[in-house]
Amino acid sequence: MSTFLGMPATAPRGVGHLRGDQTFPRAAHDALGNSQLRRNLRHATTTIRGKSGKVIAELPDWQELRDAGSAIKADVMARLPELLEELEARVTEAGGVVHWAADANEANEIVTRLVRETGSSRVIKVKSMATQEIGLNEALEEAGITPVETDLAELIVQLGDDKPSHILVPAIHRNRSEIREIFLRAMPGVDPALTDDPPVLAAAARRYLRETFLSTEVAVSGANFAIAATGTLGVVESEGNGRMCLTLPDTLITVMGIEKVLPTWRDLEVFLQLLPRASTGERMNPYTTMWTGVTPGDGPQNFHLVLLDNGRSAVLADTAGRQALHCIRCSACLNVCPVYERTGGHSYGSVYPGPIGAVLSPQLTGVADNASLPYASSLCGACFDACPVKIDIPSLLVHLRNQVPHPPAERAAMAAAAYTMARPRLYANAQRAAKLARIAGRRGRGLPPPFSGWTAGRDLPEFPSQTFRDWWAER
Amino acid sequence: MRIALFATCLADTLFPEAAKATVLLLERLGHEVVFPAEQTCCGQMHVNTGYQAAALPLVKRYASVFDPYDVIVAPSGSCVGSIRHQHSMVAAAYGDAGLAARAADVGSRTYELSELLVDVLGVEDVGAYFPHRVTYHPTCHSLRMTRVGDKPLRLLRQVRGLDLVELPAAEQCCGFGGTFAIKNAETSTAMLADKMTNIVSTGADVCTAGDASCLMHIGGGLSRLRTGVRTVHLAEILASTEFTS
Ligand code: SF4
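Chains as they are written, first to last, in the numbering used here: chain A, 9 to 483; chain B, 58 to 302.
Keep in mind that the hints were calculated from the coordinates and are not lab data. Treat the hints loosely; a few may be bogus.
Which stretches of chain B does chain A cover? Using the computed rule of at least three CB atoms under 8 Å from a CB of chain A, they are [as the list claims (entries may be wrong)]:
id	segment
1	69-79
2	86-100
3	228-236
4	253-267
Quick list of simulated restraints, FRET-style, between CB atoms [unchecked claim]:
id	chain 1	residue 1	chain 2	residue 2	range
5	B	R283	A	P458	24 to 34 Å
6	B	P93	A	E66	25 to 35 Å
7	B	R190	A	D205	41 to 51 Å
8	A	G22	B	D162	47 to 57 Å
For every residue, glycine included, the Cβ atom is placed at its ideal position computed from N, Cα and C.
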């Protein structure tokens with residue numbers, strides 16, 4: 009472990025899932041060639057967009073709610089250390105134990121040790137982005153502990169030996185016949201006569217999960233919210249599997265990103281309206297489970313809260329970039345993003361795909377480690393309009409692009425263009441030179457790299473006989 | 058009214074018809090158009106590709122060239138959005154508070170063509186004639202950064218002879234995004250493919266928009282596929298009359 013020298017550290021390499029092994033364009037190339045994937049994604053995102061749009065339109069104060077959500081989050085970020093200490097004190101008073109994890113390695117060590125101390129070799133898991141981010145399942149498996157995902161989609165991903173591709177619907181890239189095959193191949197004790205009828209698939213998962221719930225003593229969860237004033241943690245979900253995990257086992261270990269804290273119980277009023285409508289298009293999510301420490305004779309008797317940094321302090325230190333920490337992981341930005349809809353989540357190489365992933369992952373890892381992600385957007389702005397806490401993702405993308413280490417050839421070309429544009433006479437000469445070059449070439453022919461990708465699918469416009477400024481000068 | 062024209066580098070160089078049409082239209086409506094020759098480019102490409110320092114002289118140039126004018130117009134929702142929202146940000150990022158204030162001020166006097174016509178000049182019927190079946194693509198920056206709303210549609214509805222047909226999934230990005238179309242050419246092409254499918258499905262002869270950049274991208278694709286649909290800038294449609302079209 010290195011000594012803390014005062015500069016916030018980014019998420020460590022070699023552990024967790026924040027970096028891909030390919031650049032975005034390279035990974036997108038494979039995804040774009042997969043027609044099944046593109047059909048699955050288009051169908052799913054179009055459906056969610058429609059549902060969400062409808063229930064949002066029901067609220068006359070949606071814009072005010074977004075403003076309120078944004079203001080609460082800005083306040084939380086402004087006094088995060090103080091709120092976290094308050095949370096720690098309240099959780100401890102209520103009989104919980106708080107652990108601080110500087111990064112993924114530390115968090116995995118803490119959770120593995122805690123599970124070992126219970127003597128259990130299996131844990132049930134509530135769907136959680138934070139544990140995906142740090143690669144907890146892999147760390148547990150390495151320690152001989154079997155993690156069982158209980159969220160249906162997360163279970164499909166786990167059994168399929170696959171990676172999640174969406175924040176809320178991790179198996180969005182799969183259709184039901186693919187899911188049937190995965191269950192037949194990997195689900196213990198599955199009925200071999202399984203069909204791809206959704207209720208049949210759900211029943212198969214339920215049977216398997218019930219057995220697991222009743223025979224496992226330790227659960228690991230994430231948290232959507234934590235209330236500093238009371239030490240209360242909360243998880244919202246649709247299936248009820250999370251509630252089983254949160255209430256049945258003897259020991260509950262919650263891993264939570266430090267940005268999830270809210271000052272008071274009352275702040276939930278805003279987020280419990282924003283989150284379900286923006287994410288699943290529901291008026292209210294079916295299950296909201298909240299717990300405060302431990303209660304003798306009721307629910308888990310041991311509660312541990314692991315507060316995860318893993319690069320978040322580094323994000324917080326950038327006053328322009330820190331709004332990425334406002335994210336409540338609703339996935340609305342993914343569902344409206346035209347790039348995500350075509351390339352899917354795996355292209356982003358991180359557990360955080362889509363527009364928020366394109367800004368959050370590079371910030372957590374350091375921009376140089378994820379340099380192609382801030383460019384994985386056409387800056388169309390649909391994400392900004394959709395975000396329930398009004399994160400200005402396009403501006404964040406531009407902010408991060410300014411920190412990316414640029415390729416030398418591009419840097420030279422951009423500098424030359426700026427130099428010319430800053431000098432009107434030079435600019436007018438360049439316009440004429442470009443025209444001559446085009447006339448010398450043949451129309452329809454491709455441009456050289458790096459522009460060749462553009463001309464591969466499009467015809468170049470014909471060069472006009474006269475620039476506008478020449479026309480103006482002559483009239 | 059005396060109106061300064063910012064032609065934009067793209068229109069000036071590759072699509073002069075859009076800038077010419079802006080001049081002819083405004084003159085037809087009885088206004089005086091001036092073209093400050095010292096203008097070049099708004100710097101949006103540099104800002105959006107991550108070269109804010111390189112964009113700074115362009116921001117400075119825009120602010121000083123256009124400061125003397127009360128009303129400035131550009132036939133590009135994208136450039137206007139950048140001028141309004143990014144110029145002062147770039148200036149502030151490089152510690153020039155004076156420039157940031159001036160850029161914001163000049164930006165607030167810079168209008169996209171449909172905004173100028175509807176909001177400033179108070180006209181929706183510009184007396185145009187364009188006897189074609191037309192579909193309108195709102196373009197992301199006009200729609201979400203500059204917020205031109207339905208002003209282009211209001212203007213198009215008044216054009217004589219024009220049969221306006223609605224574009225399915227109009228608000229989805231066409232995939233241009235400046236250097237996005239180069240850095241992520243394949244994803245951009247996939248987005249363009251869907252946009253073209255939607256355009257062709259309308260049966261329109263012409264697809265129009267308020268941004269030459271998106272039209273270059275869409276038009277390049279429609280031409281490559283030999284669809285028989287052409288792209289025409291909004292300014293050109295509004296400038297057409299019975300005798301010029
Ligand atoms: S950035 Fe906004 S829209 Fe995207 S997941 Fe986070 S809260 Fe939701």
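Cβ separation of R283/B and P458/A, checked against the hinted range 24 to 34 Å: holds (26 Å)
field: Annotated coverage of the segment 228-236 of chain B by chain A, confirmed only when three residues or more have a Cβ within 8 Å
entry: holds (count 8)
task: State, for the Cβ atoms of R190/B and D205/A, whether the hinted interval 41 to 51 Å holds or is violated.
output: holds (46 Å)
query: Per the hint of 47 to 57 Å, is the separation of the Cβ atoms of G22/A and D162/B within bounds?
result: Given range 47 to 57 Å: holds, Cβ gap about 51 Å.
message: Please verify the coverage claim for the segment 253-267 of chain B: does it have three or more residues whose C-beta sits within 8 Å of some C-beta in chain A?
response: violated (count 0)
query: Taking a Cβ-Cβ distance under 8 Å as contact, does the segment 86-100 of chain B have three or more residues in contact with chain A?
result: Held - the segment 86-100 of chain B has 7 residues with a Cβ nearer than 8 Å to chain A, which meets the minimum of three.
field: Assessment of proposed distance window 25 to 35 Å (beta carbons of P93/B, E66/A)
entry: For E66/A against P93/B, whose Cβ atoms are near 50 Å apart, the range 25 to 35 Å is violated.
task: Confirm or reject the coverage of the segment 69-79 of chain B by chain A under the rule of 3 or more residues with a beta carbon closer than 8 Å to the chain's beta carbons.
output: Since three or more residues must qualify, the claim that chain A covers the segment 69-79 of chain B holds, with 8 doing so at under 8 Å.
Figure legend: structure checked against the earlier numbered hints; hints not met, in rising order: 4 and 6.
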